[in-house]
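Engineer: Produce the entire structure from the sequences given, and follow the hints as far as they go.
These protein sequences, in sequence, are chains B and H.
Under this note's numbering, the first residue of the first sequence carries the number 1, and numbering increases by one thereafter.
Under this note's numbering, the first residue of the second sequence carries the number 169, and numbering increases by one thereafter.
Note that these hints are calculated values from the structure, not bench results.
Glycine residues also receive a C-beta, built at the ideal position from the N, C-alpha and C atoms.
A few of these clues could be false.
Beta-carbon label-pair distances, calculated as ranges [what the hints assert, rightly or not]:
no.: 1; chain 1: H; residue 1: A352; chain 2: B; residue 2: E85; range: 46 to 56 Å
no.: 2; chain 1: B; residue 1: K14; chain 2: H; residue 2: T243; range: 25 to 35 Å
no.: 3; chain 1: B; residue 1: Q163; chain 2: H; residue 2: H239; range: 46 to 56 Å
no.: 4; chain 1: B; residue 1: G37; chain 2: H; residue 2: D347; range: 21 to 31 Å
no.: 5; chain 1: H; residue 1: A322; chain 2: B; residue 2: R148; range: 55 to 65 Å
no.: 6; chain 1: B; residue 1: E58; chain 2: H; residue 2: A232; range: 31 to 41 Å
no.: 7; chain 1: H; residue 1: A352; chain 2: B; residue 2: R151; range: 50 to 60 Å
no.: 8; chain 1: B; residue 1: G63; chain 2: H; residue 2: A315; range: 54 to 64 Å
no.: 9; chain 1: B; residue 1: A88; chain 2: H; residue 2: D348; range: 50 to 60 Å
no.: 10; chain 1: B; residue 1: G158; chain 2: H; residue 2: Q188; range: 25 to 35 Å
no.: 11; chain 1: B; residue 1: R98; chain 2: H; residue 2: A315; range: 49 to 59 Å
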Amino acid sequence: MTPPVTPLPYMDTKPHGHADFYFAINATFRFILKRFGLEALRRYWQDMGAKYHQPVGERWRQGGLSAVAEHWRAFFAAEPGAEVEVIAEPEEVRLEVRTCPMIKHLREHQREIVPCLCQHCYYVSEAMAAPAGLTVLISGGNGACTQRFLRQTANQPGQQLDQIKEAA
Amino acid sequence: MTGCYDFCGHYEWTFEWLRQQGGHELVKAYWDESINQDSQVHASTLITAKGFEGMKEYWGPTLADEGAVYHRTVTDDVFRIDMHECPSKGFLLRNGLKQYADYCDHCMGWIGPMMKGAGFVVDHQHNHCGQCWWEMRRKEDATAPSAPGELSGAEDVRLRPGWLRDEPVDTYQRATEPDDKTTA
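Structural biologist: Structure below.
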C-alpha cells in the first residue's frame, strides 16, 4: 500500500507529541554547550537541519514556499500548546509564533532554559532552507517570535543574531 | 524549531552525532548527565523518594502520554513492565530511521543510573523490535528474574509469538548501566 503523502516526512500514530520531550531537547542543548561550547552547539544544530531534516529540505527544494507553509502548518499542529499563525505570501512565508510550545512547557515546569535556545530555530531552519534556495530571518524569541522564510537573493541581509532574544 | 512530535527521530540521530564527536563514552555520559540528571530529574526525584510508588507515579502518566501499549505488575518487592508496543522504537521502525547502532540501549543508559541512585537493580531484556520487559528490585533483594508468565501471566511479553525474531535479544541482570549486557 502506498503510504499517505503528508507535509511531515516522519509520522506518528498519535496526533501530538509528548511535551515532556521538550525537557530532553533543552537538556541536550545544555549538555553540548557545557561539554563543547557554543560553536559546537551551533554545528550540532546545523547538522541536524542539513542531515536529519534533509527530507524536509528536499520537499522545500521541490515545492518552494508553498511546501514551506504546508510543513510549518502540519508541524505546529502536532506540537502541544503551540499558537502559531502561518502566513503564506508570494515572496515569503511568515510564522507568527505567539506561543512557543517549548518555552511554554519549560516555564510551566520551572525548568532552567538554555539562554541561547532560541538561536536553534535559526541554525536548524537555515540549514534546512539553504539547499532549497531559501533563507530564514528571525526576530524576537523567549516565547514569541517572527520567522520569515524568503528566497535567497544576492543583496539579502543575513540574520543578525542580536535580533534573537535570550530565553529565560 | 525542534519538535516533540518527531522527538524520537532526532534523539536517535543525536546519539550517533555524539558518538562521532566523542565515542561511546560520550553517548553514555549524555544518557546519564543530560537525560537522567537533567531532563528526567522529575523521575529520579519521585523514585528516590517513593520507591515503587514513585515508579507507578512516573511511568503511569508518561507511558500513557507517549502512547505505549504495555502491562504493569507491581508487588511489594518488584516493579515489572511488559512493553508490547514501545512508542519510541515503534516510531523509528515505522519511519525507517536508524543512525545509531542500538537505540534501545538509551533506556538502560538513563534508567540504570537513576535506579542505582535510588537503590534498585534492574533485570531487563529488549528484542530490538519494540518489545521489552523490566523488573526493578531493591539492591538488597537477590531474587532472580521471573520466569516467563510467573509475574505478569499472559501479559508477559516473552510469551508473545513474535518475541524471538531474527534480531538478537539483549539481556541485563541486576544491572544499572548500559554496557552491562549480553547479546544472543
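Engineer: Now, for every hint given, state plainly whether the structure supports it.
Structural biologist: Cross-check of the supplied hints:
| no. | hint | verdict |
| --- | --- | --- |
| 1 | H:A352 <-> B:E85: 46 to 56 Å | 54 Å, holds |
| 2 | B:K14 <-> H:T243: 25 to 35 Å | 31 Å, holds |
| 3 | B:Q163 <-> H:H239: 46 to 56 Å | 51 Å, holds |
| 4 | B:G37 <-> H:D347: 21 to 31 Å | 28 Å, holds |
| 5 | H:A322 <-> B:R148: 55 to 65 Å | 57 Å, holds |
| 6 | B:E58 <-> H:A232: 31 to 41 Å | 35 Å, holds |
| 7 | H:A352 <-> B:R151: 50 to 60 Å | 55 Å, holds |
| 8 | B:G63 <-> H:A315: 54 to 64 Å | 55 Å, holds |
| 9 | B:A88 <-> H:D348: 50 to 60 Å | 53 Å, holds |
| 10 | B:G158 <-> H:Q188: 25 to 35 Å | 28 Å, holds |
| 11 | B:R98 <-> H:A315: 49 to 59 Å | 56 Å, holds |
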